[in-house]
Amino acid sequence: MHTIESKNEYLEDENFQTATPQILIGPNSSAHEETKETVLSKAKETEPQVKKKINILCPPQGKLNTVITNGVILFLIWCVIWSFSGPEALPGGNLFGLLIIFYSAIFGGELLKLIKIPSVPPLPPLLGMLLAGFIVRNVPFISKHVQISNTWSSILRNTALTIILVRAGLGLDPQALKHLKGVCLRLSMGPCLVEACAAAFFSHFIMEFPWHWGFLLGFVLGAVSPAVVVPSMLLLQEAGYGVEKGIPTLLVAASSLDDILAITGFNTCLNIVFSSGGILNNVLSSLRDVCVGLLAGTVLGFFVQYFPCGDQKKLPLKRAFLVLSLCVSAVLGSQRIGLHGSGGLCTLVLTFIAGTKWSKEKISVQKIITNAWNVFQPLLFGLVGSEVSVTSLESNAIGLCVATLSLALCVRVLTTYVLVCFAGFSFKEKIFIALSWIPKATVQAVLGPLVLERARLSTPQLESYSKDVMTVAFLAILITAPNGALLIGILGPKILACHDDPSKLKLQLSGFKHH
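Numbering (the UniProt record's numbering), first residue to last: 1 to 515.
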């Protein structure tokens, strides 16, 4: 004990002796304190850096952790599918091919989002999805192992078409349509019908199509893409461009009606092209399909309005599930029993009637439908891209397809300009509306492959025409979707008048969702 106490006293004396000179030194004391503080601050700065390095390396965090987690999830999804299906999840199987196309399309869409050019609006991700499917098909090693049966591809495309129609029906706002009245109907019906006739005319003389095949191609091309138009219009509306005259609202409302008209005309022409009966029988069968679709859609629409009732839990989820189930059953079931044109019309009528009763709750249902579309969108555009093979394309055929597409687009732009001449818009605004009616994507991605699939199943001798229709649809998406998005994003702020407070003039677009 005595030795320990003596050592402690000795240490205290030594510390006191080392501390006293610092107090006695006058001029150098400040410099010594500064050097001491700098040493301590450097030591404190180095400590967090060491901790950060340790956290990054073990365990990984941030982007590296996200990449590893997503990679493991994708691998486990494949493991679960393989454990259930066996050979179908291996190279050459249908499930393996769908997974490759799905992952490739998602990667292509995300990669396109990273391409950012100053003062240029972002390109639509669906273009990256389309190119990803095209690359998967035309890379020899990959295409050898990615095989998907026509039945699987047909079911997925028809399901995607059903979701498009559901979103179109729910997106129709009766108040906005009533407010815009005649100009909305002219803009939704006129350009589609005129472009369909123009495409039939040019394809007959340029591509040597029969007239009924020309009108079928025309309705494939006649639809504008809300997947490109609506997000671009919402961005302009948020910035206050064009809201004083309701231009964003007009284009959003008309885009859904434009799609409905194009799909209806396509189904009618499809029945005529692939039917063995006369023209009168084809017209009567089309009228029969329309009547059945209207009747079934009206009955089911009123049913969904009241079932489930408003006092149930998880109401939006139940309504979304009921609508999707009924509509998918209507589209696929009508094709099973031979009523090819009634399923789509039933879906549109059902969703429109149901949405008028749901009021504010319709937005929650639309969000759930949007999540379903986010799953089917990569599959749809990936499958469309995978249908186009470079080896089967001829340079002459591509030139004829581009010429037909370009001439039909010119007629569409001129027609759109003429139809909005008496709606109170200025010259620049009419030019903007006409150019905004160019983009094509979603409907073409669905209808183009349907023609090819129908030809393979019923009349293989007509497969050459159907491949040309598929090629034109592919080129329409590839050319018009990015260029249309760029034109809207660049010309909108330069042409449209900007209002300082767009919230005062903004028409309600909450019911409109792009598809």
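In short, the hints are calculated from the structure, not lab data. Keep in mind the model is a prediction, meaning the values are calculated, not measured. Be a bit skeptical, because a hint or two may be false.
Result set (SDA-like, lysine to any residue): computed pairs, CA atoms no more than 20 Å apart in a straight line [to be verified]:
#1 494 - 478
#2 178 - 194
#3 494 - 407
#4 245 - 367
#5 467 - 367
#6 367 - 305
#7 467 - 245
#8 428 - 495
#9 313 - 358
#10 113 - 78
Now for the hints, and whether the structure bears them out:
Between residue 494 and residue 478, the direct Cα distance comes to roughly 25 Å. Violation of the 20 Å bound is thereby established for this hinted pair. Only pairs whose Cα atoms come within 20 Å are accepted, and residue 178 paired with residue 194 is rejected, the gap being roughly 24 Å. Restraint check: the Cα-Cα separation between residue 494 and residue 407 comes to about 27 Å, which exceeds 20 Å; the hinted pair is violated. Only pairs whose Cα atoms come within 20 Å are accepted, and residue 245 paired with residue 367 is rejected, the gap being roughly 28 Å.
Our distance criterion of 20 Å between C-alpha atoms is broken by residue 467 and residue 367, whose separation comes to about 36 Å. Between the alpha carbons of residue 367 and residue 305 the distance comes to roughly 18 Å, so the proposed pair stays at or under 20 Å and holds. Taking the CA atoms of residue 467 and residue 245, the gap is about 43 Å. The hint is violated against a cut of 20 Å. For the hint pairing residue 428 with residue 495, the CA-to-CA distance comes to about 6 Å; that is within 20 Å, so the pair holds.
Distance restraint check for residue 313 and residue 358: the Cα-Cα separation of roughly 15 Å lies within the 20 Å cut-off, and the hinted pair is therefore satisfied. At most 20 Å may separate the alpha-carbon atoms for a hinted pair to count; residue 113 and residue 78 exceed this at roughly 26 Å.
Going through the hint list in order, the structure does not satisfy hints 1, 2, 3, 4, 5, 7 and 10.
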